[in-house]
Structure formats: C-alpha cells, structure tokens
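Residue numbers (our numbering), protein chains in the order written: chain A, 1 to 89; chain B, 1 to 452.
Some clues are possibly wrong.
[Stated by the list, open to error] Simulated restraints on C-beta separations:
#1 B:His55 <-> A:Ile16: 48 to 54 Å
#2 B:Arg12 <-> A:Arg12: 21 to 27 Å
#3 B:His55 <-> A:Leu31: 43 to 49 Å
#4 A:Ile16 <-> B:Arg12: 20 to 26 Å
I should point out that these hints are in silico values taken from the structure, not numbers from a laboratory.
Because the structure is a prediction, the values reported are computed rather than measured.
Glycine included, each C-beta is placed from N, C-alpha and C at the ideal position.
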Amino acid sequence: MKGIITVVGKDRVGIIAKVCTLLSEKNINILDISQTIVQGYFNMMMIVDLSNTTDDFGKIEDKLVELGNSIGVVIKLQREEIFNSMHRI
Amino acid sequence: MITRLEVQETNRMIEKAKLDVRTITLGISLLDCADNNIDALNKKIYDKITKTAEHLVKVGEDIEKEFGIPIVNKRISVTPISIVAASTKADSYVSIAHTLDKAAKAVGVNFIGGFSALVHKGCNSSDNVLIQSIPQALAETERVCSSVNLGSTKSGINMDAVKQMGQVIKDTAINTKEKDSIGCAKLVVFCNSPEDNPFMAGAFHGVGEKDAVINVGVSGPGVVKKALEEVKGKDFETLCETVKRTAFKITRVGQLVAREASERLNIPFGIIDLSLAPTPAIGDSIAEILEEMGLESVGAPGTTAALALLNDNVKKGGVMASSYVGGLSGAFIPVSEDQGMIKAVERGAINLEKLEAMTCVCSVGLDMIAIPGDTTAETISGIIADEMAIGMVNGKTTAVRIIPVIGKNVGDTVEFGGLLGYAPIMSVNSFSCKDFIRRGGRIPAPIHSFKN
C-alpha cells in the first residue's frame, strides 16, 4: 500500500530528518520526495511504501501528526488512492 | 505519478473548500422480519439492523482517517415500515419507531430513514396506520425519519393522501412545539420518490433492492464555488466546463469511498448520489454558487436558469465519474441548511413562489422551509399539491419538507441546531385553497406517462 505524506509549515532545521527517522523506525520506505520553500514556508510531499510496516495505518498517522505538532508543522498521511481517483482517469 | 500540485489541490478542497462525503447510507431490507405479532416484529427488526450495521460507523471512521476525507454522516435506511408491519394488523406503529430509534442509537448512526409509506395510487390499511402514527412517532423519537410518497408520473397524485398529510404535518408540528416544531424537519413527502436515496429525511430501502446495499451521497458546494471564482466573467461554456470538471473530481472521491466501504463491510455497492448538499457552515452554500455566477442575490431574475445549468453540469460531470448514479442526484436548495439562502430570505430577495419555480429544475423541492405556525392544514396540502404536480408532469422527483412553527410568525427566526441550521419564517400566500383540497380522490397520471 502506498501513502502520501504532506508536510507544510514554517521552515526550520531538521524537518526532513525527523520525519525520515520516524518512517525508518516504522520500516516505511520512501519512494519519492519533492519539496519547495516559498517565503520561508516549507512544503514537502513524500510518496511512501507502507507494505512492510508492522504498525497500523491509523497509528502511524497519529505518530506523524504528533511529530508535526512538536516541531510546528502540519503533517498528513493519506492513502494514495484518493489522489489517483481524483486526478487520473 | 501523482504530483505535488495535485496533492495540494485535493487537500485544499478538503481543508479550505469543505469537500466531504456527506453520507454513507446502509440500506437494509426488513422484508424478512415480517411477523403477525408486533412484539416479535420489533425484536426481529432490532436484531437485523444492529447485526447488519454493526461495523458501519467504525468502517466509516477508518476510511475517513486513511484517506483524509471527512465522512460527515453514517446512516441507515430500511424497507418502508408500512410494508414490513402490514401483517401485524396493529393500530399504531409508534413502537416500531421506538425500535428503529433504539437500533440507530445502538449502532451509532445519527439518522435512520424508512418510517415510510408509498401511497401514490392509494392507501391500504397499513399505510393509514403508519401515516396516523407519524406525529406521535416523530415526537417521541430522536433519530427516526419519515417519508410518504404521494404521487408519481405513472399513477398521478393521491389527493386524499395529500389532504391527510397537510394535517399530519400540522399535528407533528404541534406535538413538537416545545422544540420549534422540529418533528417536521424529519418528515418529507414526495412525488416520484427514489428507492435508493441516501439522503435524509427521505431515505428508505426500496422493495426492488438487495438485502443490504451501500449508497453514498457526495457533496462539495464549496469546491464548486471556489472553482467558479477562477472563471469570473467568462462565458457560459467555460462556466459549464468548470462545474463539470469539479463535479467529476468530487464524485470520483465518493466512488472511492463507496467502493472501500462496500468491500470492508462485505455489502454490495448501490449508487452514488450526485446531489450538491449544502450545510449551514459558511462557504458550503448552493446560493453562493449561484451568486458567484453573477447574481446579486439568489432569488434575483436569472436564478432558475443559473440553478438549471448548475444541476445539469453537476450530473454531466458526475455520471462520467461513477458507473452507478442514482438517488436524488441534483442540487439541494434547503433554506435553513444554507447560509446564502437564509441571507436571501432575510434581505427579502427570495420567496416561496420563487423557490417553487427553482424546484422545476433541481431535484428536491421545497426543503426545510419554516412557515407561520397558524398556516392551515389545507394550505399546507395546497403547497404539497403544487410541488407534487411539478414532479408528476416533469417526470422528476419533488418533495416538500415544510415546518409550520407553532407560535411563530413572519419576522421570527427558528433555530433547529446542527446540520438542520436556522431559518427565518417565510410568508405564505393567504388566499384559501380549502375547497380544492376538500374534493378528495386522485389526480390522474399525465398523458405523457403513457409510454408503452
């Protein structure tokens, strides 16, 4: 199962590092990262592979949200299908 | 591969434009619960609903979390109770309404529809018992919704039942007068009612349906409004194209949610209902879409044309996105549930007659309209008859959900709370239709219904 992680918020040191550390702890593989910074605002999207993780989808999402709160950014994890169904025929 | 811009677009729709799935409605057939003992029937109904819908709310919440799309309501519709309860020969079905209410609370759904009767050609004895039970049933229960189909293009309009329902609406209002006659917000009368409608108060599980089925109602007036902001001043082709494209995207999300829910509950998928359904929240309004098209206020000349093109293009975009489209599938124009509509009433831009004209080109009808509490039963029947005639002649669904608020008059406001919103009391034409309504009998089917 693939998931999309989005991270939006004020830029600071270590956002990517913290997110990636969490993902690696959960055995989630990163397939693609794209990121920009516009006027000090950090905006990142990751495509991740959740097929080898042992944790529950909901729990991983909660952990990411928690991490986001602690570093002052908004993190979301959603299954890829919602974007595919909306933007691909 | 999905791009960052596409992800952003979807999430902006959800976060900023209030895109959501309005309801997952589980239709459950109660035909196999029939029993000649009403206590036994009640037990079977409770058991069947609580067993079939056991995981509905949990599955809805899981999908919501995994895809990041809010699913506002999880609901249940059941076979019209007048059919299920016919063999009991009981003289009241209020106990069944209590059973439905209890079952709804047990599984955690916020509404259960199907305290209904289909009487478009005539009332049998069970239909009569059901209709007579409505005022008490809606006063004593919280989550039960009731509907009665009074007419159809194929069979005409049952004017005896239209007359009776005027009184039933009045009685329901009186029975719930302490709560601003809120009972009437859970009661709707139809012409050409669909059997797979997932939206309340009119949802019921038709007799032509499977044992259980998942129907999904999508929404997203805010998304359409936002998209139209981008094409200000452009011609109608661009306008229509934008509505269509937006409706397609919204519906694809609904289709995904429906398929997931169906798989996880192991219950077949029925239909997607393409209706744009507003809520009282700011920015979630049909009226604001029409105003974005270039009207100073909804109700201004041009409103009916604007609604017609909105409705048609929502359908054109939607049918491309889902193989099975059904239910009501049209823009809803409820007054109390739409911030823009409420404002239009308050500024005197829209009246009952204009709303009636608008129902000729959209699906639902006169919806959530508060009128003075002293409106007579005959006048309410007259309003119903007009709306039924529009549905019958145009071969479309029309409905009336009107609330005569006891003790209130034009100039007052009524607060229903939650999704039901609030509404200013609207004035009703004061000339009488008493002698017309008292005739009794049935209006025959229109000539163009004879298609065989």
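Status of the hints after comparison with the structure:
1. B:His55 <-> A:Ile16: 48 to 54 Å: violated (38 Å)
2. B:Arg12 <-> A:Arg12: 21 to 27 Å: holds (23 Å)
3. B:His55 <-> A:Leu31: 43 to 49 Å: Since His55 of chain B and Leu31 of chain A have Cβ atoms about 32 Å apart, the given range 43 to 49 Å is violated.
4. A:Ile16 <-> B:Arg12: 20 to 26 Å: holds (23 Å)
In this structure, the hints that do not hold are numbers 1 and 3, in rising order.
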